[in-house]
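Q: Sequence:
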Amino acid sequence: MFALVDCNNFYASCERAFNPALEKKPVVVLSNNDGCIIARSNEAKKLGIPMGAPYYQWRQRCEDNQVQVYSSNYALYADMSQRVMTILRSFCPHMEVYSIDEAFLVIDQFTENDVIAYANDIRNTIKTHTGLPVSIGISTTKTLAKIANHIAKKHTSAGVYDLRSITSQEKVLPHFPIGDVWGIGRQLKKKLEPFRIHTAKDLRDADLKLLRKNFSVVVEKIIRELRNVSCIPLEAIQPRKQIISSRSFGKTVTSLNDLEEAVSTYTSIACLKLRNQKSHARGIHVFLQTNTFKKNDPQYAMGASCMLPIPTAHTNDMIRIAKKCLREIFKPGFKYHKAGIMLLDISPQTIRQHDMFLSDNQKKETLTDTIDQINQKLGKNTLFYCAEGIEKSWQIKTCLRSPRYTTRWDELVVV
DNA sequence: TCTGGGGTCCTAGGACCC
DNA sequence: TCTGGGGTCCTAGGACCC
0 MFALVDCNNF YASCERAFNP ALEKKPVVVL SNNDGCIIAR SNEAKKLGIP MGAPYYQWRQ
60 RCEDNQVQVY SSNYALYADM SQRVMTILRS FCPHMEVYSI DEAFLVIDQF TENDVIAYAN
120 DIRNTIKTHT GLPVSIGIST TKTLAKIANH IAKKHTSAGV YDLRSITSQE KVLPHFPIGD
180 VWGIGRQLKK KLEPFRIHTA KDLRDADLKL LRKNFSVVVE KIIRELRNVS CIPLEAIQPR
240 KQIISSRSFG KTVTSLNDLE EAVSTYTSIA CLKLRNQKSH ARGIHVFLQT NTFKKNDPQY
300 AMGASCMLPI PTAHTNDMIR IAKKCLREIF KPGFKYHKAG IMLLDISPQT IRQHDMFLSD
360 NQKKETLTDT IDQINQKLGK NTLFYCAEGI EKSWQIKTCL RSPRYTTRWD ELVVV
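Numbering that gives the first Met the number 0 applies: residue 0 is where the first sequence begins, and numbers increase by one.
Because the hints were derived from the structure by calculation, they are not lab data.
It is possible that some hints are incorrect.
[Said to hold, decoys possible] Quick list of in silico lysine-lysine cross-link-like pairs, DSSO-like style, CA-CA up to 30 Å:
| # | residue 1 | residue 2 |
| --- | --- | --- |
| 1 | K45 | K189 |
| 2 | K337 | K322 |
| 3 | K272 | K294 |
| 4 | K323 | K362 |
| 5 | K208 | K45 |
| 6 | K212 | K190 |
| 7 | K363 | K323 |
| 8 | K189 | K212 |
| 9 | K294 | K337 |
Since the structure is predicted, the reported quantities are computational estimates derived from the model, not experimental observations.
The task is simple: from the sequences and hints, build the whole structure.
A: As structure tokens, this is what we get:
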């Protein structure tokens, strides 16, 4: 038996948890650079504000309706997520953190009635300890638990829905749109329609062989999961296979110097993530681009990679080759809008192929460890590489960000 | 004026091996 | 006239997720 616990309107709810004045009011949270709307409270959804819409197109509507608008505050959301996950783990250690606001639990030890009480206990505990509302969907497979969660969120006031029985499945699946099924996106929806598949029930009852011939194994798994056959197992937390760091700039960037600072900063962010998961990487890919929305501006987008002889997790090693890549692709005269980096060929630090002709550099290890420890103790970026820049004029503006209530001593909530 | 930032998995095709 | 059968690895592109 799977339960999917999903926080309602997560980012918007985090803002509300520390600011009760937002209760019952429409709230939206914006993406980096205050570009797009990426979270909405129920009140904001009712105003017709769509997910992912560019903010500038909806700004007037927001102002007219006194919508409370926030820049994203990832320090806060990440910390709140950890609190929720810690509570969930205390209920059920057999769990998979699926995203910042969702987790699957495997709960096999319960009888029919107990499980509802158990789910309610989880909801109440999370609400009491964090202030965040969650919904819980329960069923026999992950795909069905996802559907149950949708129902819990939209059609019940209880916040818990049990979709294990055939009776409940017969009631729900005929009305559940195919595009809302986990794993069916826009393209698959379009391709399934000629097969007269419009609802979750249509897909469940479809001819498996016919669909397998026309679609990938992904679709076959979804069909089987809808038939109560579990094909997508609970997964343990794995180290990332790919680490990306990229941002749009706060202003148009034209100089190589600004790009170098930005790319060095992103490299530093990514390398810290890399070390935190005890991995190292053998290379880096650097990319930059102009603003693709500005059709009249000359466009340029390019990337370049560079590999090291042996993997590293040291920021200084990586910044050095990142800059080398950047200089290869930089062309003067363009108005740059975004740059980023991707770490390549990530592997665990325990697996290490030494270079016969290079000696280990113990000093470098000590340096990196010390920097990390100081930053851990005294706050992010207490020490940083000068290559990252000091003024960082290219950096994003987040003028609507709420305080980092839970991770900064100087931004604690005042009661 | 103004349009985010991460991730994963699958498949096909090419290059190579014996 | 006629040209096998079985593998692996890598990459790009596409689809999906939050």
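Q: What hint numbers does the structure not satisfy?
A: As far as the earlier hints go, 3 and 5 are violated by this structure, in ascending order.
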